[in-house]
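Note that this note's numbering has the sequence shown beginning at 1, numbered continuously upward.
Among the hints, a few may not be true.
[Claimed, not checked] Restricting the straight-line Cα-Cα distance to at most 25 Å, the calculated cross-link-like pairs of lysine to any residue (SDA-like) are:
no., residue 1, residue 2
1, K196, L241
2, K196, P47
3, K195, D134
4, K196, S39
5, K195, R17
6, K195, A223
7, K195, G140
8, K195, S181
9, K195, D125
10, K195, G25
11, K195, R244
12, K196, D207
13, K195, D183
14, K195, A73
15, K196, S181
16, K195, V249
17, K196, G143
18, K196, F96
19, K196, Q99
20, K195, R254
21, K195, A240
22, K196, A142
23, K195, E243
24, K196, E243
25, K196, R185
26, K196, D222
27, K195, G24
28, K196, F116
29, K196, C168
30, K196, S171
31, K196, R129
32, K196, L182
Hints are computed from structural coordinates only; laboratory data are not their basis.
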Amino acid sequence: MTESTTSSESSAVRVERLSFRYPGGPDVLTDISFTIAPSEIIGLVGPSGAGKSTLLQHLNGLLPSKLTDTSTASVLIDGIPVSQPTIADVRRRVGFLFQDPDDQLFCPTVFEDVAFGPLNLGLSDNEARQRVCDSLTSVGLAGYESRSTLRLSLGERKRVCLAGVFACQPSVLALDEPFSSLDPRARRTLIGILKKFPGSQIIATHDLDVVVDLCHRVLLLDAGQLRAAGPTADILGNAALMERHGLEVPWRLR
Numbered sequence: 001m002t003e004s005t006t007s008s009e010s011s012a013v014r015v016e017r018l019s020f021r022y023p024g025g026p027d028v029l030t031d032i033s034f035t036i037a038p039s040e041i042i043g044l045v046g047p048s049g050a051g052k053s054t055l056l057q058h059l060n061g062l063l064p065s066k067l068t069d070t071s072t073a074s075v076l077i078d079g080i081p082v083s084q085p086t087i088a089d090v091r092r093r094v095g096f097l098f099q100d101p102d103d104q105l106f107c108p109t110v111f112e113d114v115a116f117g118p119l120n121l122g123l124s125d126n127e128a129r130q131r132v133c134d135s136l137t138s139v140g141l142a143g144y145e146s147r148s149t150l151r152l153s154l155g156e157r158k159r160v161c162l163a164g165v166f167a168c169q170p171s172v173l174a175l176d177e178p179f180s181s182l183d184p185r186a187r188r189t190l191i192g193i194l195k196k197f198p199g200s201q202i203i204a205t206h207d208l209d210v211v212v213d214l215c216h217r218v219l220l221l222d223a224g225q226l227r228a229a230g231p232t233a234d235i236l237g238n239a240a241l242m243e244r245h246g247l248e249v250p251w252r253l254r
């Protein structure tokens with residue numbers, strides 16, 4: 001399935017005919033096309049193994065050299081193609097949150113982790129320090145600068161990761177299972193933070209009740225193919241469609 005797309009000039013994200021396979025393996029993504037408008041929040045749903053994480057990793061060039069075997073495929077962020085010559089610019093625009101914060105946190109203190117991105121963008125120490133302060137405040141962790149991430153809860157570690165993303169001031173967030181393993185309070189806190197982000201978001205998640213609360217539209221991915229796309233209630237409330245793809249209608253839409 002190919003979602004109808006708008007012009008690249010009016011899209012924060014535009015993906016056209018994206019296909020991908022890992023070396024020696026089967027197709028992971030097949031002919032994927034969609035757009036995300038500025039400030040739009042998209043829920044990326046589907047069963048485990050559908051290709052959601054692989055799709056997200058194409059948006060900031062984590063899989064840049066293996067984009068596709070077809071010359072017609074493209075991924076554009078704010079009109080800029082994701083390719084080796086533009087990869088630095090793309091990664092400034094797309095903030096990526098991994099499912100496991102331990103894949104993203106590696107510095108001794110919270111301050112150093114959050115400052116890592118701005119400093120690598122070439123900001124001065126003073127500018128980076130201000131970005132850290134602003135970002136930690138935005139995720140409710142002001143005053144955590146000197147703490148070790150090893151002594152934080154899972155929810156706090158995920159928020160430190162998000163602060164590091166915010167410190168780079170991206171226009172697009174690509175979030176891989178951000179609500180996984182969070183307790184209800186941490187989940188509500190994260191939802192509130194994401195609702196305040198002014199840019200576009202694409203959120204891969206199995207938490208469909210969060211998708212109902214947070215996302216304007218849904219992309220349903222199964223076996224590497226885009227099976228359905230549309231307004232959240234239309235997709236997630238379609239019991240027959242959800243059953244075909246091993247999903248259940250969330251409680252709020254029953």
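Hints, one by one, checked against the model:
1. Straight-line distance between C-alpha atoms of K196 and L241 comes to about 31 Å, which puts the hinted pair past the 25 Å bound.
2. The straight-line distance between the Cα atoms of K196 and P47 is roughly 28 Å, outside the 25 Å bound, and the hint therefore fails.
3. Between K195 and D134 the alpha-carbon distance is near 17 Å, which keeps this suggested pair within the 25 Å criterion.
4. Of the pairs offered as hints, the one joining K196 and S39 holds, with about 10 Å between alpha carbons and a cut-off of 25 Å not exceeded.
5. A C-alpha spacing of about 30 Å is found between K195 and R17, which places the hinted pair above 25 Å, so the restraint is violated.
6. Among the hinted pairs, K195 with A223 is inconsistent with the structure: their alpha-carbon atoms are about 30 Å apart, more than 25 Å.
7. A hinted pair counts as satisfied when its Cα atoms are at most 25 Å apart, and K195 with G140 qualifies at roughly 14 Å.
8. For the hint pairing K195 with S181, the CA-to-CA distance comes to about 20 Å; that is within 25 Å, so the pair holds.
9. With a C-alpha separation of about 29 Å, the suggested pairing of K195 with D125 is violated against the 25 Å cut-off.
10. Taking the CA atoms of K195 and G25, the gap is about 38 Å. The hint is violated against a cut of 25 Å.
11. Between the alpha carbons of K195 and R244 the distance comes to roughly 31 Å, so the proposed pair goes past 25 Å and is violated.
12. Pair hint K196 plus D207 holds up; C-alpha atoms about 19 Å apart against a cutoff of 25 Å.
13. Of the supplied pair hints, the one linking K195 and D183 holds, its CA atoms being roughly 18 Å apart against a limit of 25 Å.
14. Annotation: proposed proximity of K195 to A73 is violated, straight-line Cα distance about 31 Å (limit 25 Å).
15. Distance check on the hinted pair: K196 and S181 sit about 22 Å apart at the alpha-carbon level, within 25 Å; holds.
16. With a C-alpha separation of about 23 Å, the suggested pairing of K195 with V249 holds against the 25 Å cut-off.
17. In summary, the hint linking K196 to G143 is supported, as the alpha carbons are separated by about 21 Å, within the 25 Å threshold.
18. A hinted pair counts as satisfied when its Cα atoms are at most 25 Å apart, and K196 with F96 qualifies at roughly 17 Å.
19. Straight-line distance between C-alpha atoms of K196 and Q99 comes to about 21 Å, which keeps the hinted pair within the 25 Å bound.
20. Straight-line distance between C-alpha atoms of K195 and R254 comes to about 24 Å, which keeps the hinted pair within the 25 Å bound.
21. Under the criterion of a C-alpha separation no larger than 25 Å, the hint pairing K195 with A240 is inconsistent with the structure, at around 30 Å.
22. About 17 Å separates the Cα atoms of K196 and A142, which keeps this hinted pair within 25 Å; it holds.
23. For the suggested pair K195 and E243, the alpha carbons sit about 29 Å apart, so the restraint of at most 25 Å is broken.
24. Taking the CA atoms of K196 and E243, the gap is near 33 Å; set against the 25 Å cutoff, the hint is violated.
25. Distance check on the hinted pair: K196 and R185 sit about 17 Å apart at the alpha-carbon level, within 25 Å; holds.
26. With a C-alpha separation of about 30 Å, the suggested pairing of K196 with D222 is violated against the 25 Å cut-off.
27. Straight-line distance between C-alpha atoms of K195 and G24 comes to about 40 Å, which puts the hinted pair past the 25 Å bound.
28. Restraint check: the Cα-Cα separation between K196 and F116 comes to about 23 Å, which is no more than 25 Å; the hinted pair holds.
29. For the given pair, K196 sits about 16 Å from C168 by alpha-carbon distance, which is consistent with the 25 Å threshold.
30. For the given pair, K196 sits about 13 Å from S171 by alpha-carbon distance, which is consistent with the 25 Å threshold.
31. For the given pair, K196 sits about 22 Å from R129 by alpha-carbon distance, which is consistent with the 25 Å threshold.
32. Annotation: proposed proximity of K196 to L182 holds, straight-line Cα distance about 19 Å (limit 25 Å).
The structure is inconsistent with the numbered hints 1, 2, 5, 6, 9, 10, 11, 14, 21, 23, 24, 26, 27, although it conforms to all the rest.
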